[in-house]
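For reference, the chains in residue letters:
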Amino acid sequence: AQSVTQLDSQVPVFEEAPVELRCNYSSSVSVYLFWYVQYPNQGLQLLLKYLSGSTLVKGINGFEAEFNKSQTSFHLRKPSVHISDTAEYFCAVRPYSGGGADGLTFGKGTHLIIQP
Amino acid sequence: EPEVTQTPSHQVTQMGQEVILRCVPISNHLYFYWYRQILGQKVEFLVSFYNNEISEKSEIFDDQFSVERPDGSNFTLKIRSTKLEDSAMYFCASFPGTASYEQYFGPGTRLTVT
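Sequence lines, in order, name chains R and P.
All residue numbers for the first sequence refer to our numbering, where the first residue is 261 and numbers rise by one.
All residue numbers for the second sequence refer to our numbering, where the first residue is 4 and numbers rise by one.
Looking at chain R on its own, in the form it has when it is part of the complex (with noise of 0.2 Å):
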């Protein structure tokens, strides 16, 4: 079983200030990671993910994430956030094995506030 830990339950950061969103999970398997973004009222979309190779992954929006398999960390950072960039966080895990019938665990979120 997995379970993800997002340390953060709010995050408020003033407009053009760096970032960066706590993610820790624990597995007893393999696991293949994911950022997730819900702005209001609209469903969940991928940030970034990662399966395999660099630990540093590049999505959308500007948005980058570090794995770290020792510390088991998947922290999502943005050097320079946007007003456009507040909405909901969540980081998910899925298990290396089986196919694609395997759900997402998710975390419970950070809601990011940007602050004029």
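The hints are simulated quantities; they were obtained by calculation from the structure and are not laboratory data.
Any given hint could be a false lead.
Unchecked claim - Listed next, the in silico DMTMM-like pairs over lysine to aspartate or glutamate satisfying Cα-Cα at most 25 Å (straight line):
id : chain 1 : residue 1 : chain 2 : residue 2
1  : R       : LYS318    : P       : GLU105
2  : R       : LYS309    : P       : GLU4
3  : P       : LYS86     : P       : GLU71
4  : R       : LYS368    : P       : GLU56
5  : P       : LYS60     : P       : ASP89
6  : P       : LYS86     : P       : GLU47
7  : P       : LYS45     : R       : ASP345
8  : P       : LYS86     : P       : GLU21
9  : R       : LYS368    : P       : GLU47
10 : P       : LYS45     : R       : GLU276
11 : R       : LYS318    : R       : GLU280
Claimed, not checked - To list a few chain R residues with every Cβ distance to chain P over 12 Å, as calculated:
id : residue
12 : VAL271
13 : ALA277
14 : VAL279
15 : VAL289
16 : GLY303
17 : LEU311
18 : SER312
19 : THR315
20 : LEU316
21 : LYS318
22 : GLU324
23 : PHE327
24 : SER340
25 : HIS342
26 : SER344
27 : GLU348
No residue lacks a Cβ here, since even glycine has one placed at the ideal position from N, Cα and C.
Use these hints to put chain P onto chain R, whose structure you have.
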């Protein structure tokens, strides 16, 4: 760009009633999923569906729940006898079955049981 759609966006029902939540996955996707999010809690996996049968289900997906793909385009979640604790946002997702492992989510249906 193709997207997953869900109807209705909001459903209000009385306790004990049956509800059907509808989803239209992206055409040519092979795997379909339902998730739920109780207010203030995590998004939780309910069930996955492939080749016209359930592939995986969580412990939440008990006998009151069922899924169906009745006509090759719709994917439905039925809750037989709703309880207050079924109030949640229900998300449908689909996945093409490629090595990208990206699941595409719909906007959700908010179910309120009174």
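Taking the hints in turn, this is what the structure says about them:
1. For the hint pairing LYS318(R) with GLU105(P), the CA-to-CA distance comes to about 15 Å; that is within 25 Å, so the pair holds.
2. Distance hint between LYS309(R) and GLU4(P) is fulfilled; the C-alpha atoms sit about 20 Å from each other, no more than 25 Å.
3. Restraint check for LYS86(P) and GLU71(P): the C-alpha separation of about 21 Å stays at or below 25 Å, so the hint holds.
4. Pair hint LYS368(R) plus GLU56(P) does not hold up; C-alpha atoms about 29 Å apart against a cutoff of 25 Å.
5. Distance restraint check for LYS60(P) and ASP89(P): the Cα-Cα separation of roughly 17 Å lies within the 25 Å cut-off, and the hinted pair is therefore satisfied.
6. Using a Cα cut-off of 25 Å, the hinted pair LYS86(P) and GLU47(P) holds, with the two alpha carbons roughly 17 Å apart.
7. For the proposed pair LYS45(P) and ASP345(R), the alpha carbon gap of about 21 Å is at most 25 Å, so the pair holds.
8. The hinted pair formed by LYS86(P) and GLU21(P) meets the criterion: a straight-line CA distance of about 10 Å does not exceed 25 Å.
9. A distance of roughly 10 Å separates the Cα atoms of LYS368(R) and GLU47(P); the hinted pair therefore holds under the 25 Å criterion.
10. Distance restraint check for LYS45(P) and GLU276(R): the Cα-Cα separation of roughly 29 Å exceeds the 25 Å cut-off, and the hinted pair is therefore not satisfied.
11. Using a Cα cut-off of 25 Å, the hinted pair LYS318(R) and GLU280(R) holds, with the two alpha carbons roughly 14 Å apart.
12. Residue placement check: VAL271(R) keeps its beta carbon more than 12 Å from all beta carbons of chain P (closest about 17 Å).
13. The non-interface label for ALA277(R) is consistent with chain P: the shortest C-beta to C-beta separation is roughly 27 Å, beyond 12 Å.
14. The Cβ of VAL279(R) lies farther than 12 Å from every Cβ of chain P, with a closest approach of about 21 Å, so its non-interface assignment holds.
15. For VAL289(R), the non-interface assignment is confirmed: its Cβ lies about 15 Å from the closest Cβ of chain P, beyond the 12 Å cut-off.
16. Separation of GLY303(R) from chain P is inadequate, the least Cβ-Cβ distance of about 4 Å not exceeding the 12 Å criterion.
17. Its closest Cβ contact with chain P, about 7 Å, brings LEU311(R) to no more than 12 Å, contrary to its assignment away from the interface.
18. Taking the minimum C-beta to C-beta distance to chain P, about 10 Å, the non-interface status of SER312(R) is violated against the 12 Å cut.
19. In this structure THR315(R) is separated from chain P by more than 12 Å, as the shortest Cβ-Cβ distance comes to about 17 Å.
20. For LEU316(R), the non-interface assignment is confirmed: its Cβ lies about 18 Å from the closest Cβ of chain P, beyond the 12 Å cut-off.
21. For LYS318(R), the shortest C-beta to C-beta distance to chain P comes to about 15 Å, beyond the 12 Å cut-off, and the non-interface label holds.
22. With a least beta-carbon separation of about 17 Å from chain P, GLU324(R) lies farther than 12 Å from that chain, consistent with its non-interface assignment.
23. With 12 Å as the threshold on Cβ separation, the claim that PHE327(R) sits away from chain P holds: the shortest Cβ distance comes to roughly 14 Å.
24. Remark: the non-interface label on SER340(R) is consistent with the geometry, its nearest Cβ contact in chain P lying 26 Å away (cut-off 12 Å).
25. The Cβ of HIS342(R) lies farther than 12 Å from every Cβ of chain P, with a closest approach of about 22 Å, so its non-interface assignment holds.
26. The Cβ of SER344(R) lies farther than 12 Å from every Cβ of chain P, with a closest approach of about 18 Å, so its non-interface assignment holds.
27. A Cβ of chain P approaches the Cβ of GLU348(R) within 12 Å, the least distance being about 10 Å, so the stated non-interface status is violated.
Hint compliance for this structure: hints 4, 10, 16, 17, 18 and 27 are broken, all remaining hints hold.
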